[in-house]
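The lines below spell out each chain.
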Amino acid sequence: MKVDIKESESVREFVRSLVIEKGYEKAELIPILHEINGEYGYISDVAIKELSARMNIPTSHIYSVATFYRMFSTDPRGRHVIQFCESAPCHVAGGRLVWEKLQEVLGLENGETSEDEKWSLLTTSCLGVCGVGPVLVIDHDIYGNVSPEQIPGILDNYE
Amino acid sequence: MKATRSMVLVSSDKESLDRGALEVFSTLQKQIAAFGLEEEISLSMISDVSKKAQNPLVLVYPEAVIYGSVTPDDVPHIVEEHLYKGRVVEEKQISPFDLSGNIAWLTARKGTLPAENRIVLKNVGLIDPESIDDYIINQGYEALGTVLKEMTPEETVKIIKDSGLQGRGGAGFPTGLKWQFVAATKSEKKYVICNADESEPGTFKDRLVLEGDPHAIIEAMTIAAYAVGADEGFVYIRGEYGLAISRMAKAIQQAREYGLLGDNIFGTDLSFDIHIHAGAGAYICGEETALIESIEGNRGEPRSRPPYPTTAGLWQKPTTVNNVETLANIPAIIRNGADWYKSFGTPSSPGTKVYTILGNVNVTGLIEVPMGITLREVIAIYGKGMKNGGRLKLAQTGGSSGSIIPASLQDTPMDFDSYNKVGVSLGSGALLIGDENVCVVDLAKVLLNFFREESCGKCNPCRIGNNRAYETLVNISEGIGTLKDLDDLMMLSNQLYELSNCGLGQTAGSPLHDILAHFRAEVEAHVKLKVCPTGVCPMSGRRVYQII
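Each protein sequence line maps, in turn, to chains S and W.
The first sequence runs 16 to 174 under this note's numbering.
The second sequence runs 15 to 562 under this note's numbering.
The shape of chain S in the complex, shown without the other chains (with noise of 0.2 Å):
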């Protein structure tokens, strides 16, 4: 990936501004890692290396909490992310035929990025909100009682 040192200052500005805003405890790494991946859509190598310095955390630490958690990225992620839930309740509701509607009409598998960069496509666990399954959420909107058929209209919504 090609690095822009333009962006690369802006990432570092804003990792330092949210270290001044919330505190260098280790205890704020989760929330400054939340911030950090909802502006930027993932966690960049920049991003790792400025908080280990603001912070005074070794970068192996940032990194390994930063993969270990599954809403957030390490790598750079389509306009928009869909997260189909792939638990029990959501399997038993009929999710697998719109899991496989799904792929087939975005030709991606699951953890894979558009070529356009429009789409990331993901399963979740559980989203909570199993009464409506299946279920699936693009972005921050969340679409309830799913049917195979009406993924192209679902899509369409999007730019």
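Don't take each hint at face value.
Using 30 Å as the maximum straight-line C-alpha spacing, the simulated DSS-like pairs for lysine-lysine come out as follows [what the hints assert, rightly or not]: (1) W:Lys203 <-> S:Lys37; (2) W:Lys435 <-> W:Lys175; (3) W:Lys331 <-> S:Lys41; (4) W:Lys44 <-> W:Lys99; (5) S:Lys37 <-> W:Lys331; (6) W:Lys544 <-> S:Lys116; (7) W:Lys407 <-> S:Lys41; (8) W:Lys401 <-> S:Lys116; (9) W:Lys203 <-> S:Lys41; (10) S:Lys41 <-> W:Lys264; (11) W:Lys407 <-> S:Lys116; (12) W:Lys136 <-> W:Lys106; (13) S:Lys37 <-> W:Lys435.
Not everything, but these chain W residues come out facing chain S in the computed CB check (under 8 Å) [stated by the list, open to error]: (14) Ala294; (15) Tyr322; (16) Phe358; (17) Ser414; (18) Gly448; (19) Phe464.
Read the hints as simulated data drawn from the structure, not as lab findings.
Every value quoted in this text rests on a predicted model; they were computed, and no experiment measured them.
Idealized CB from N, CA, C, for every residue including glycine.
The hints should help you fit chain W onto chain S, whose structure is shown.
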């Protein structure tokens, strides 16, 4: 509360009032009286239903039908058709999915029946969760006042112990005892943690309490702080629950403004404040020591126990970790007494339990019923029977870490004690109902896939065992399994249980055990006859995993 057949709610936000919600309300009152239904139907106003285009709204429970926008002229027809004759007025009905996220919690009332006893969910869906005044009007913070003004910490622990309240996170440990352990420590600093990292698949009871009644958790945590001698608390909410996090943050802010959190609460010596920690997507963080690691800024890997958090928890200080549902019981127990609480449920498991009903039933959703109800009753009364007239084949109780039980156990009372006797885990209260189209191999495959993804990787039995079990199940589902595979699965199940460090690994093997104990013939058909009786498994003969 008087037993009523139906509950009718009218939206009362500013928009609705401008459009004549009050007239709709009074017309409803008159019409209900005209049909002589006052005894059977309760009618109230409700705020926070913000679908501007379709206000005012009228919501009818237990069917969870939403009508909009309703004018006084529509009311006689709705009352006659729906409330009197029991037919939904389809032309005025709007889909709940058209509504904004702010009222998503209203689905909590779906399927509510008068026979339910709501303690935990008493306020959920009835009060405005973003208004502390609404909570206070409904006896909110009364229990906290009683405790601080009239009771000693010892008496507070005792009443919870006497009530017999057991932890509702799944393990069923007596809450009063846990508090007593923390209270007995000599530490200067202690913590109260609310475990709201609800990640058990099929469980969303805690989300609805957090979204619908956040002040109950604040009140209960403050009572806990007084009882054990803590001055700082954390609510660990899973990161995916955005609405719950923002509601809780707002509630904490309101409580601070009212002096219900902070220094010298109610003018007493008690000082207590609560922070929110948002999780970041890890099932294992529901395990209390992993949750503590996560708050400290680490990977959520469980600690070795002992020492237990009650002696060395957050930052090695004594800590009580209680589940959301457990805490939501506390104010009601203080207000009404231990004997009142024990009048619900069974002698060994007092109180109510919130269940989520899912899968192949006609009505899915959330119920709160006394401990000891049977699965048959749940399906018939609350689930309104099996979907498409199917037959019950199995139920999975307690989420992924629970048990898969056959239809023959549907008359066993659901309480901690009775279920323990038949080797079943009640767990988190998720009830996934499966009909005869569910393949047990396929179901076990999904569950083991979950565990291998969610294993934190710290200990070998769990990290390797779950992967191996999953691969074996995939091979069986492709029609290349052997009888030896079944023995291996049983062995893996035992090893996971015996050797894993924490509850995740210890329960991960239970689906393997359960399908072989209850559905061995069906599993053997996959292996011996190379046939999936339900036609779900691919059975392609393809070898996906080479197991050596």
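Give me the numbers of the hints this structure contradicts, sorted from smallest to largest.
-> 7, 13, 15 and 16
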